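Since chain A is already given, all that's left is putting chain B on it; use the hints.
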Amino acid sequence: MAVGVKVVTRPGSFSQQIYLPAIAEGLGITFRHFVKNFFGNLTGQRKRTDIQTIQYPEEKKAYPARHRGLHRLMVRDDGQTRCVACMMCPTVCPAHCITIVPEESPDGKIEKRPKIFEIDELRCVVCGLCAEACPCDAIRMDTLDHAKPVYKRGEAILDREELLERGVRSVAVQGGAGAFWRERVAGTPQTLPEAALLPGGPPAGPTPVETFAPRANASKPPGTAKE
Amino acid sequence: MSYGTLAFQIVAAVAKIAFMIFAFLMPIASILTWLERRQSAMMQDRLGPNRANIGPFRAWGITHFLADALKFMFKEDFVPPQAHKFLFMWAPIMAMAPALIVAAIIPFGPPLCWGQLFEVVPGGACQQPVALQIAHLDIGLLFYFAISSLAVYGATLAGWASHNKWAMMGGLRASSQMMSYEVTMGMAVLGSFLVYGTLEPSAIANQQTHILSFNDSFQKSWGIFTQPAGFLLFLTAAIAETKRTPFDIPEGEPEIIGYFVEYSGLRFGMFFLGEFLEIVVSSSIMVTLFFGGWHWGAFIDDFLASHLPNVAFVAVMATAWLIKVFVFCGFQLLIRWSLPRFRSDQLMQLGWQRLLPVSIVNVVVTAAIILWARM
Numbered sequence: 001m002a003v004g005v006k007v008v009t010r011p012g013s014f015s016q017q018i019y020l021p022a023i024a025e026g027l028g029i030t031f032r033h034f035v036k037n038f039f040g041n042l043t044g045q046r047k048r049t050d051i052q053t054i055q056y057p058e059e060k061k062a063y064p065a066r067h068r069g070l071h072r073l074m075v076r077d078d079g080q081t082r083c084v085a086c087m088m089c090p091t092v093c094p095a096h097c098i099t100i101v102p103e104e105s106p107d108g109k110i111e112k113r114p115k116i117f118e119i120d121e122l123r124c125v126v127c128g129l130c131a132e133a134c135p136c137d138a139i140r141m142d143t144l145d146h147a148k149p150v151y152k153r154g155e156a157i158l159d160r161e162e163l164l165e166r167g168v169r170s171v172a173v174q175g176g177a178g179a180f181w182r183e184r185v186a187g188t189p190q191t192l193p194e195a196a197l198l199p200g201g202p203p204a205g206p207t208p209v210e211t212f213a214p215r216a217n218a219s220k221p222p223g224t225a226k227e
Numbered sequence: 228m229s230y231g232t233l234a235f236q237i238v239a240a241v242a243k244i245a246f247m248i249f250a251f252l253m254p255i256a257s258i259l260t261w262l263e264r265r266q267s268a269m270m271q272d273r274l275g276p277n278r279a280n281i282g283p284f285r286a287w288g289i290t291h292f293l294a295d296a297l298k299f300m301f302k303e304d305f306v307p308p309q310a311h312k313f314l315f316m317w318a319p320i321m322a323m324a325p326a327l328i329v330a331a332i333i334p335f336g337p338p339l340c341w342g343q344l345f346e347v348v349p350g351g352a353c354q355q356p357v358a359l360q361i362a363h364l365d366i367g368l369l370f371y372f373a374i375s376s377l378a379v380y381g382a383t384l385a386g387w388a389s390h391n392k393w394a395m396m397g398g399l400r401a402s403s404q405m406m407s408y409e410v411t412m413g414m415a416v417l418g419s420f421l422v423y424g425t426l427e428p429s430a431i432a433n434q435q436t437h438i439l440s441f442n443d444s445f446q447k448s449w450g451i452f453t454q455p456a457g458f459l460l461f462l463t464a465a466i467a468e469t470k471r472t473p474f475d476i477p478e479g480e481p482e483i484i485g486y487f488v489e490y491s492g493l494r495f496g497m498f499f500l501g502e503f504l505e506i507v508v509s510s511s512i513m514v515t516l517f518f519g520g521w522h523w524g525a526f527i528d529d530f531l532a533s534h535l536p537n538v539a540f541v542a543v544m545a546t547a548w549l550i551k552v553f554v555f556c557g558f559q560l561l562i563r564w565s566l567p568r569f570r571s572d573q574l575m576q577l578g579w580q581r582l583l584p585v586s587i588v589n590v591v592v593t594a595a596i597i598l599w600a601r602m
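Line by line, the protein sequences are chains A and B.
Quick note on numbering: the working numbering labels position 31 of the first sequence as 31, and the sequence is numbered without any gaps.
Quick note: to get the working numbering, add 227 to the position in the second sequence (first position is 1).
Just so you know, these hints were derived from the structure itself, not from any lab.
Please read all numbers here as calculations on a predicted model, not as lab measurements.
Just so it is clear, CB atoms sit at the ideal spot from N, CA and C, and this is done for glycine as well.
A portion of the hints provided could be inaccurate.
[What the hints assert, rightly or not] Using C-beta positions, here's what the derived DEER-type ranges look like: (1) B:I248 / A:I29: 51 to 61 Å; (2) A:K36 / B:A294: 24 to 34 Å; (3) B:L293 / A:V8: 44 to 54 Å; (4) B:A294 / A:K148: 23 to 33 Å; (5) A:V5 / B:L293: 49 to 59 Å; (6) B:R285 / A:K36: 14 to 24 Å; (7) A:K36 / B:L293: 22 to 32 Å; (8) A:T9 / B:N280: 16 to 26 Å; (9) A:I29 / B:Q309: 23 to 33 Å.
In isolation and in its complexed conformation, chain A is listed as follows (with noise of 0.2 Å):
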C-alpha cells in the first residue's frame, strides 16, 4: 500500500525566506527588554521594569488569604486555649500528626484541656482536615505562614505553647459553657463576638482578637530589597 505524501508548500514572501527581517524584529524585541530591565535595575527602579523575579529572602509574597498553613491553636478571654481535649482533631488526622494527652481542667466550668498538645509539622499533610473537625474553633491553619525549615526533626514538632503564641480570641462563642450559655451571653455583651469587631477596637481584654488584617512579617513590597 503506497504510502500517501502530501506535499505541503511553505507559504512566505522572499522576505520571509531569507529570515532577516524576522530576525531584526524578534531582536529588537528582546533587546528592548534587555534595556529596559538592565537600566530599570541599575537605577534601582525595579517597578518601572518587567522583571517578575522576587529575591526570595529578602522579599516575600503574601500568601492567599484562605491559605492553609502553619497551625495555631485560638484563646479563651481569659488566655486559656479553647481546646477541651475531644480528640475530634487526632482523630480525623490521616497523618497522624496531632498527639494531646488531656487533663482535668481546675477551671470549674470546663471540663477537660490539653495537657499535652503537639503537631508534628513534618508529618502534616496541610489537609486541613483538624480545623474542620474543631468544634470549639480552637486549632486553625490561617497563620498565613508555612511550617519553618528546621535542622532537626524534634524542632519541628510545635508543643501547645508554641501553638498558642500565635493564637488570638476567636469571634466564635465558646463552646462547652454550659447549658443556657445563649442567655449567659446575652447579659454580657462586652463578649459577645459582634463586640469585638465594633469599630472601636475590642473590648480591653487579656488577648488580642482575631482580626483579618495581614500578618506582621508580611512581604515587603518589590524593589526594596538591596540588587
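Just chain B now, with coordinates in the frame of chain A:
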C-alpha cells in the same frame, strides 16, 4: 635591552601573550559565562544570578564565574569505563586550544613607540614601533581558518571517545556542521581579501582608517560598508562554528545533549569555556575585518594621537577596541537567546543551498566592482 634585539623581541612577545590571555581572553570569556545567564535573564524579564558575593563584594553577581570554577574543580572527574581514556582526556584541550592559538593574529591596538612612550607621537612618526599583535603573519586569515577548523577535532574526538551513542551523534553532527560552515566562512572573508588586498589582519585593520569614506573606491571605510553581505555571512558562519543556538545541533540540549554528555568537572568546564573563548575570538576577528580593528575613524584617531602621550593613546585605543569586541560578544549572546534552533537538515540546507551560493555571488560581485573601479 635595546629595541630590535632578540631579547627585546622575546620579552615583548611574552608580554603580549600574557596580556592577550590573562587580560583579554580569559577575563572576557569568564565574564561571558556569567553574562550569558544574566543577560538572558534580563531579556526574559528575570533577574539572573546576582549573588555569589564574596563578603560585601557583590558586583551584580560577576563573581559567579569564580564560584563556577571552584565548583568544577571539586567535582568528580568521571571517565566512563568503556571510554578511550587518552582521547577522552585530550578532547577538551583540543576544543579549547585553537581559540587561544588563533588569538595570536589579532591586532589589539596601535603600535607602541618604544623610546617615545611618554611623548606625543602623531601618526606615522613612530621610530621604534612595537606592534600590538602577537604574531605578524602574512597568511593571517588562512592561519585563522587552519587553526579554527582544528576545533572540530575536539568535538569529534570527545564524541567518539566517550563511548556513548548520543555523544557520538553529537560529535558527528559537530564535524558535519563545522565543515559545512567553514566553506561559507572562507568565501565570506574572500570578499574582504579582495577589497583590502591582504590577508594580514593588522594590515586589513589599518586600511579601515575612516568609518565611511567615499574616496579611494571606499577602500578606507570599515568593512561593514565595503562588505555588508560578507559581514552577515561571516557572522552566521561564525555563530555556526561556535555551535550555539540557533546552530546548536551538535549540543542539542533538548534531544542528545551532545558530544560532551559524558564529561564532568573541569573537563566539561573546558568545553564550556572553550565555547566562550570562540565567541571572543570570532568577535575580535569580526571587529578586525568589518569594524576597523582599533580604529574609530580618522578624525578621532588623529585627534587622540596628536594630543595624548603615546602610551595613553595606545591604552585608550586598546580599551576602545575591547569595547567593540565586548559589544559583539553581547550581540552574539543576544542572538543565542532570541532565535529558535534549526533542525539538522535545515542547517545543512541553509549552509549549502543558501549561504554558500550567496557567498560565491558576493565574491564575484565584489571582484567585478573592484575590476570596474580600477579600470
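The hints, checked one at a time:
no. : hint                        : result
1   : B:I248 / A:I29: 51 to 61 Å  : 37 Å, violated
2   : A:K36 / B:A294: 24 to 34 Å  : 28 Å, holds
3   : B:L293 / A:V8: 44 to 54 Å   : 51 Å, holds
4   : B:A294 / A:K148: 23 to 33 Å : 27 Å, holds
5   : A:V5 / B:L293: 49 to 59 Å   : 56 Å, holds
6   : B:R285 / A:K36: 14 to 24 Å  : 22 Å, holds
7   : A:K36 / B:L293: 22 to 32 Å  : 29 Å, holds
8   : A:T9 / B:N280: 16 to 26 Å   : 56 Å, violated
9   : A:I29 / B:Q309: 23 to 33 Å  : 46 Å, violated
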